[in-house]
Amino acid sequence: MHHKTPSVSTPVETATSPEAKSTTQPKGLRVISVLFRIAVILVILGATAGVVKILMATKEQPARSDETFAPIRVRTIIADLHSVERTWDGYGTARSMNDANVVAEVAGRVIERPVGIEPGKKIEIGTVLMRLDSSDYTNALNAANQAASAIEAQLNGLSVESERVGTQIRFADDEISAAQNDLDRTRRAIDAGAGSAGELDVKTASLRRVQREVESLKQKLELIPSRRAQLLAQLAGQRANASTAQENLSRSVIRSPIVGVLQSVNARRGDWVGLGTPVARVIDLSQIEVPVRFPASAMSWISLGHEVRLWAGDPAGEPDQIGIITRIAPEADTSSRTITVFVELEQDPSSADRLSPGRFVLGRVRAPDDNKRYVIPRRAIHSGRVMIASPQDNGEFRIEVRPVTMDYSIDGLMVSLDAKEDQWTVIRSGLGIGDRVVISLLDQISQGLMVNVVGVDSPSIPEQTKTDPEAQP
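Residue numbers for the sequence shown follow this note's numbering, so the first one is 681 and each next one is one higher.
What the hints contain is simulated information worked out from the structure, not anything from laboratory work.
Because the structure is a prediction, the values reported are computed rather than measured.
Warning: the hint list may mix true and false statements.
What the hints assert, rightly or not - In silico DMTMM-like pairs for lysine to aspartate or glutamate, Cα to Cα no more than 20 Å straight-line: (1) Lys883 with Asp871; (2) Lys1100 with Glu998; (3) Lys802 with Asp1102; (4) Lys1052 with Asp1087; (5) Lys1100 with Asp760; (6) Lys900 with Asp854; (7) Lys1052 with Glu998; (8) Lys802 with Glu998; (9) Lys801 with Asp1028; (10) Lys900 with Asp964; (11) Lys1100 with Glu765; (12) Lys801 with Asp779; (13) Lys883 with Asp854; (14) Lys883 with Asp864; (15) Lys900 with Glu855; (16) Lys802 with Glu765; (17) Lys1052 with Glu765; (18) Lys801 with Asp964.
Given these sequences and hints, build the entire structure.
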């Protein structure tokens, strides 16, 4: 028999969560809430704006000034065409035009080196530097002189012999004449029947003997000139030997060939020096040559006779020396793209400012430019541009930035343009006569800025473009 469990019914929960309430909130309430919030924000903003207006209205205003600022004053230089000289710089090493490496012309041992023959000593031409042992050359000279004297004696003997042979020949000729007459008489006697054939033979043989003696004497006389020529040749040889020995004897005394200063002396007493051994070096400081290397592009500007200023140090102030171009190498160096110009100068060797051989120097030559060019200070150019002060109707000037093409630079004072500037640039294009190029306060001005100018001075500017300059600062 089955029993049923009675079911218990659970009361239904009537409470709901806030989320459930919101989802069930009416739509009108949500709109009212948004509008309320917006109204609060607007009220806050309005109150803030009111506070700002009150603060601004009560703020103390600064006093106003009626003062006005004048335009910047700048210095200018008037662009104009000028005759200029192009400057070329080159470098070279000075050397003496007259120096001598003294070598031993004979071999020998040094027996004397005079006191004071030391490097740095000033010497004259012919000053004895050292003496070598000359005994061998003295003996050779004596032997050659004795041999020459012997040959001269033989030549004198030939003269005597020639005279005697001539006399003998004359005597023999007389004997021949006598023998011939005797022979003729004998033949006439035989023809007359008084002589004999034997006597004729004897007379004939006597004549032939005398004739042979005459021929022998004549041959001896004819050989005398050849013997004389041989002796003369031997005499010339001995005299040459004597001259060589005398020269060697002179060469054993080593002298300075030039006037100058001793650079070095390489041998002392007791040293053996061979033929051709360097013993001293002498340098003449009065004439100096400097092979200066200039850019190859200077070839068409530099010519013979141009003055070259030389500095042994920094090229500031007056040059140490001034030389003249005497020679120009015809070929340029392809590796360095330079040409070699030979500069010569004369100087006082005793001067403290003399240019010593071996010094590295800077050479500067100024070549005239046939065409007139615009010249402005180098500092007026920045990045290939200059600032031009263009005149305005109100008497002021407006800055204009203008590009220019530079040709080359020159150094030195150009008093006619500016007494203080010493660095200039030659302009190829970009400027015109009368342009006012600004040369001061370049870092404070720019394109379009209004300025006043001072330092305007150029006779080439048309009158309608000139303005009265203010006083120089």
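Hints and how they fare:
| no. | hint | result |
| --- | --- | --- |
| 1 | Lys883 with Asp871 | 15 Å, holds |
| 2 | Lys1100 with Glu998 | 17 Å, holds |
| 3 | Lys802 with Asp1102 | 42 Å, violated |
| 4 | Lys1052 with Asp1087 | 12 Å, holds |
| 5 | Lys1100 with Asp760 | 18 Å, holds |
| 6 | Lys900 with Asp854 | 19 Å, holds |
| 7 | Lys1052 with Glu998 | 27 Å, violated |
| 8 | Lys802 with Glu998 | 29 Å, violated |
| 9 | Lys801 with Asp1028 | 16 Å, holds |
| 10 | Lys900 with Asp964 | 65 Å, violated |
| 11 | Lys1100 with Glu765 | 18 Å, holds |
| 12 | Lys801 with Asp779 | 15 Å, holds |
| 13 | Lys883 with Asp854 | 15 Å, holds |
| 14 | Lys883 with Asp864 | 9 Å, holds |
| 15 | Lys900 with Glu855 | 19 Å, holds |
| 16 | Lys802 with Glu765 | 42 Å, violated |
| 17 | Lys1052 with Glu765 | 10 Å, holds |
| 18 | Lys801 with Asp964 | 12 Å, holds |
Checked against the numbered hints above, the structure breaks hints 3, 7, 8, 10, 16 and satisfies the rest.
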